[in-house]
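Student: Below, each chain spelled out in residue letters.
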Amino acid sequence: MKDFIIPNDRDMGTPAKSGAPVTLEIDGLPVTVPEGTSVLRAAAEAGIQIPKLCASDNLEAFGSCRLCVVEIEGRRGTPASCTTPVTPGMVVHTGSSKVRKIRKGVMELYISDHPLDCLTCSANGDCELQDMAGAVGLRNVRYEAPENGGLANHFEARNTSGEANPEWLPKDDSNPYFSYDPSKCIVCNRCVRACEEVQGTFALTIEGRGFDSRVAAGGPADDFLASDCVSCGACVQACPTATLQEKSIIELGTPDRSVITTCAYCGVGCSFKAEMNGDTLVRMTPYKHGKANRGHSCVKGRFAYGYAHHKDRILKPMIRDQISDPWREVEWDEAMTFAATRMLGLQEKYGKKSIGVITSSRCTNEETYLVQKLARAVFGNNNTDTCARVCHSPTGYGLGQTFGTSAGTQDFDSVEQTDVVVVIGANPTDGHPVFASRLKKRLREGAKLIIVDPRRIDLVKSAHVAASHHLPLRPGTNVAVVSALAHVIVTEGLMDQDFIRERCDWDEFQHYAEFISNPRHSPETTAMLTGVDPAELRAAARLFATGGNGSIYYGLGVTEHSQGSTTVMGIANLAMLTGNMGRPGVGVNPLRGQNNVQGACDMGSFPHELPGYRHVKGPEVRKVFEEAWGVQIDAEPGLRIPNMLDAAVDGTFKGLYCQGEDILQSDPDTKHVAAGLAAMECVIVHDLFLNETANYAHVFLPGSTFLEKDGTFTNAERRINRVRKVIPPLNGYADWEITQMLANAMGAGWHYTHPARIMDEIAATTPSFAGVDYALLEEKGSVQWPCNEAHPEGTPLMHVDGFMRGKGRFIVTEYVATDEKTGPRFPLLLTTGRILSQYNVGAQTRRTDNVVWHEEDLLEIHPHDAEVRGLKDGDWVRLASRAGETTLRAKLTDRVSPGVVYTTFHHPDTQANVITTDYSDWATNCPEYKVTAVQVSLSNGPTDWQEEYAAQAAQARRILPAAE
Amino acid sequence: MSPEKMVHMANQIATFFKTQPGNDQAARIAAHLTDYWEPRMLDQLHDHVGAGGKGLDDLVIAAEAEIVKTHVRA
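Going line by line, the protein sequences match chains A and B. Position 132 of the first sequence, counting from 1, maps to 132 under this note's numbering, and the rest follow consecutively. Position 71 of the second sequence, counting from 1, maps to 71 under this note's numbering, and the rest follow consecutively.
Among the hints, a few may not be true.
[Claimed, not checked] Only pairs whose alpha carbons sit at most 27 Å apart, straight line, appear in this in silico BS3-like list of lysine-lysine:
#1 A:Lys617 / A:Lys352
#2 A:Lys821 / A:Lys891
#3 A:Lys441 / A:Lys17
#4 A:Lys617 / B:Lys69
#5 A:Lys247 / A:Lys288
#6 B:Lys69 / B:Lys5
#7 A:Lys821 / B:Lys54
#8 A:Lys17 / A:Lys617
#9 A:Lys891 / A:Lys461
#10 A:Lys821 / B:Lys18
#11 B:Lys18 / B:Lys69
#12 A:Lys780 / A:Lys725
#13 B:Lys18 / A:Lys807
#14 A:Lys671 / B:Lys5
#15 B:Lys54 / A:Lys617
#16 A:Lys171 / A:Lys98
#17 B:Lys18 / A:Lys617
#18 A:Lys448 / A:Lys461
#19 B:Lys69 / B:Lys54
#20 B:Lys69 / A:Lys352
#21 A:Lys247 / A:Lys311
#22 B:Lys5 / B:Lys54
#23 A:Lys623 / A:Lys352
#24 A:Lys617 / A:Lys807
#25 A:Lys17 / A:Lys461
#26 B:Lys5 / A:Lys821
#27 A:Lys821 / A:Lys247
#28 A:Lys101 / A:Lys288
#29 A:Lys352 / B:Lys18
#30 B:Lys18 / B:Lys54
#31 A:Lys821 / A:Lys671
#32 A:Lys623 / B:Lys69
#33 A:Lys288 / A:Lys725
Hint data in this document are derived by calculation from the structure and do not stem from the laboratory. Note that the coordinates shown come from a computational prediction; the quantities given were computed from them, not determined experimentally.
Isolated chain A (complex conformation) (with noise of 0.2 Å):
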């Protein structure tokens, strides 16, 4: 098996179409290409490099640089190869003498303005105009400055006297990733219009005109860093000089050879080259075969990897018997054997079912499968969960009820065809930037935005992107929005009586219209309890309705709720009723949070199901199992996080592994999660770094990052993807191999000598995975679930002929107010989230250099509550709830409605989560993060909770110096 993939990643100058086939003549070659393709692009693909500058094929033609230009016969002068279509029989000369004496003119007027630098240049070597000078031939410039004229470049500082150059500009260097020098600008606007096309975000320009023009970040005194650049590299990798030039290269020197792999931050799963340069990782690019991003990155993929790196990361194994002992570093096997002897000790002591694990959303599926084995197998319990259970666990649940699996229906290509795009309860610019700019893509194209969360998020109105319609909900109130918008929808005869006929089960439809059809659903009677204004919403769900192509994008502000599960099933109501099921551009589309999050409840990580999504109860279901692994599988589900924690302080649950997940920051009432911790008599942690959990940790286990193992991550879309091992793992051991060493010390007996080996265990015995193996995904370079028999090319859209369960199943979804309500104490509604550059508790990104964008977590606030308060923006302020309290500072905004504060959760020493209750879905536990009843106040520093954690924190990090 390889595991290095050289990428062919030729540019091929313009962008793909799909037109009929159309024939034509390109220097003597007959060339077929899809109708609209570039005459640049016929080249390439016929293998005919026309020079060119201004070109990239992930951008639209432009034209600048007329360095492309051929001669075609019957036209007059020389077309730019890029901006000329393909016509049928069109012959076409690329290297006549005629377009080479342009090419060299051109060339030699682009060098009389560059510096001659370029041995010690960064990007010597890697330099598309170096590289053209060396194809047009160019060997001499004869264009001097003008006598008495000053300096006409822009690249030196000062002339021989010393006088300064008024044309040249310092270097940005402002952002930490990456540098702008202007002097090696050759204003080819690749940069500006990928930050326009690619990304989104319109942040650059090109200012000024003729010799003056010069690309700008935002405004006149902005830098890069100050502009509204997020920073997705994008520019940078479109910049053919070193003008935009990563730091890495600068520093490190260009790499020598790439290695394809996966993001480990978020759901969308975005494909990576990992450029290296000998064994050194010098830069991460996005990979434009890569199915999921299409060669678009965001800052945290691209660039916050240096936590793999950081100073704080833990390489030796450590126990300790208490908790109030500081750390002592050992080898493996003493770790193995002291870890492995407590486990089984307190099963002896207090029952086999006393101890479970946690399996984590950012390790691999072959890394999750084995953990949740070790609970199935070795312990002989299925206490094990996953951070699923506090974040997508009710789409779970929702979906599997409905349509019979919890799974996403599309894949992310799907987004460009759909027309109208309801967000409900997602942040996708912040939360997954890479969808986001291939959504914002397809809005500026014309698709229509409908956006249902309590704040104002940038999708509301950014550039070139509005929503039609904003419907800005009280947190909690979720159910009673989605049900008035099919009270709508039903109402006025809006809905797809062929689908519905067709797909869903009519019984259970006609039940539901006469449900959904009550007044007391409608937007008028429920903008009450809503705060949501009835005409708009009303226009909303007309807009969903009939404007096309429809789908539906979630997040956790849907889920993580004490209806959770209702809302998801109102949404899957919702798609049904309007037939937006089963083909490209619609569908329920769940973001998942992390990297890893679908495939770890793919491998069973849930107390109550098996890999594949089969619950433990099927005798059937446990014998594949129970043969395969020659154990007896219990019947019984096991705890889930919350009720492991529960358990904990009853004194029934002693003993967790925790693998690559921090529940004491992640999970909410973190005084209870402490308490829960606390009770244990062995807690495992397996983590990159001593993390907020470790401080309650007996063991600590140091792991891998996703750059030293071999795997796959499955991404929102169920796409399994590689990820190949790119430098050694700094700690000795892969997390499977660690895993492995735990079990087999507790008397497993495993023998997995690589992870191709675990997915062929996880193909036999689960039939969604059955025909997938590492030849395949080599292959393919990713697959979609289900791959099995039926479908073994994996499986894009679901749904298509028919439901998973058969007839699709509408569920009746009453509203229920949630027990946390605002009252005199605590009058406003605190809701959750994400921001850009940080990633969930921040272990990875706030040891990077992203902590320049998000240093700390802001209370956001309405002014109006904030004036009412006496508080102004940045002040200390008190949080408190009935769970706790804590200080943080207060950022003065309107995206949040007046009566709503938000925070974000990436800090420990805010430590949202102190505040967020321990209230859950009522189907799967999933906490209810997104509203907590708070007061906000002036405060003097930190809360008494905030001093005694950082105390305990930093008595439990304390790690004995190495015996000599």
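Given chain A, put chain B in place with the hints provided.
Tutor: Chain B alone, transformed into the frame defined by chain A:
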């Protein structure tokens, strides 16, 4: 877990199924509980019902009577 929390969770489940059509709500609640609640939690529910079932929705009490028929104490 505290009895209040257990009662709250069980009642939340009952609140959902109460809104659903049909006459088998208690059976559906019982099925949900046995599918998702670990035996220790079911034991706690039984004990609470045995002690009078304070605060529990009637449908939960009816569901518990169904569960008792098959559930073996942890």
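Student: Does each hint fit the structure? Answer for all of them.
Tutor: Status of the hints after comparison with the structure:
A C-alpha spacing of about 18 Å is found between Lys617 (chain A) and Lys352 (chain A), which places the hinted pair at or below 27 Å, so the restraint holds. Using a Cα cut-off of 27 Å, the hinted pair Lys821 (chain A) and Lys891 (chain A) holds, with the two alpha carbons roughly 24 Å apart. Among the hinted pairs, Lys441 (chain A) with Lys17 (chain A) is consistent with the structure: their alpha-carbon atoms are about 16 Å apart, no more than 27 Å. As the CA atoms of Lys617 (chain A) and Lys69 (chain B) are separated by approximately 16 Å, the hinted pair is consistent with the 27 Å bound.
Between Lys247 (chain A) and Lys288 (chain A) the alpha-carbon distance is near 22 Å, which keeps this suggested pair within the 27 Å criterion. Of the supplied pair hints, the one linking Lys69 (chain B) and Lys5 (chain B) holds, its CA atoms being roughly 24 Å apart against a limit of 27 Å. At roughly 23 Å between alpha-carbon atoms, Lys821 (chain A) and Lys54 (chain B) fall within 27 Å of each other, so this suggested pair holds. Using a Cα cut-off of 27 Å, the hinted pair Lys17 (chain A) and Lys617 (chain A) is violated, with the two alpha carbons roughly 51 Å apart.
A distance of roughly 20 Å separates the Cα atoms of Lys891 (chain A) and Lys461 (chain A); the hinted pair therefore holds under the 27 Å criterion. A distance of roughly 22 Å separates the Cα atoms of Lys821 (chain A) and Lys18 (chain B); the hinted pair therefore holds under the 27 Å criterion. Note on Lys18 (chain B) and Lys69 (chain B): the hinted pairing holds, with a Cα-Cα distance of about 22 Å set against a maximum of 27 Å. As the CA atoms of Lys780 (chain A) and Lys725 (chain A) are separated by approximately 19 Å, the hinted pair is consistent with the 27 Å bound.
The straight-line distance between the Cα atoms of Lys18 (chain B) and Lys807 (chain A) is roughly 23 Å, inside the 27 Å bound, and the hint therefore holds. At roughly 16 Å between alpha-carbon atoms, Lys671 (chain A) and Lys5 (chain B) fall within 27 Å of each other, so this suggested pair holds. Under the criterion of a C-alpha separation no larger than 27 Å, the hint pairing Lys54 (chain B) with Lys617 (chain A) is inconsistent with the structure, at around 30 Å. Proposed proximity of Lys171 (chain A) and Lys98 (chain A) is contradicted: the alpha carbons are some 38 Å apart, above 27 Å.
A hinted pair counts as satisfied when its Cα atoms are at most 27 Å apart, and Lys18 (chain B) with Lys617 (chain A) qualifies at roughly 25 Å. This hinted pair checks out: Lys448 (chain A) and Lys461 (chain A) have alpha carbons roughly 12 Å apart, not beyond 27 Å. With a CA separation close to 21 Å, the supplied pair Lys69 (chain B) and Lys54 (chain B) stays within the 27 Å bound. Taking the CA atoms of Lys69 (chain B) and Lys352 (chain A), the gap is about 24 Å. The hint holds against a cut of 27 Å.
Distance check on the hinted pair: Lys247 (chain A) and Lys311 (chain A) sit about 20 Å apart at the alpha-carbon level, within 27 Å; holds. Annotation: proposed proximity of Lys5 (chain B) to Lys54 (chain B) holds, straight-line Cα distance about 12 Å (limit 27 Å). Between Lys623 (chain A) and Lys352 (chain A), the direct Cα distance comes to roughly 21 Å. Compliance with the 27 Å bound is thereby established for this hinted pair. Restraint check: the Cα-Cα separation between Lys617 (chain A) and Lys807 (chain A) comes to about 24 Å, which is no more than 27 Å; the hinted pair holds.
Pair hint Lys17 (chain A) plus Lys461 (chain A) does not hold up; C-alpha atoms about 30 Å apart against a cutoff of 27 Å. About 16 Å separates the Cα atoms of Lys5 (chain B) and Lys821 (chain A), which keeps this hinted pair within 27 Å; it holds. As the CA atoms of Lys821 (chain A) and Lys247 (chain A) are separated by approximately 50 Å, the hinted pair breaks the 27 Å bound. As the CA atoms of Lys101 (chain A) and Lys288 (chain A) are separated by approximately 34 Å, the hinted pair breaks the 27 Å bound.
About 36 Å separates the Cα atoms of Lys352 (chain A) and Lys18 (chain B), which puts this hinted pair outside 27 Å; it is violated. A hinted pair counts as satisfied when its Cα atoms are at most 27 Å apart, and Lys18 (chain B) with Lys54 (chain B) qualifies at roughly 19 Å. Of the supplied pair hints, the one linking Lys821 (chain A) and Lys671 (chain A) holds, its CA atoms being roughly 21 Å apart against a limit of 27 Å. Simply put, Lys623 (chain A) and Lys69 (chain B) have alpha-carbon atoms about 25 Å apart, close enough for the 27 Å limit, and the pair holds.
This hinted pair checks out: Lys288 (chain A) and Lys725 (chain A) have alpha carbons roughly 20 Å apart, not beyond 27 Å.
The structure fails to meet hints 8, 15, 16, 25, 27, 28, 29 from the earlier list, while all remaining hints are met.
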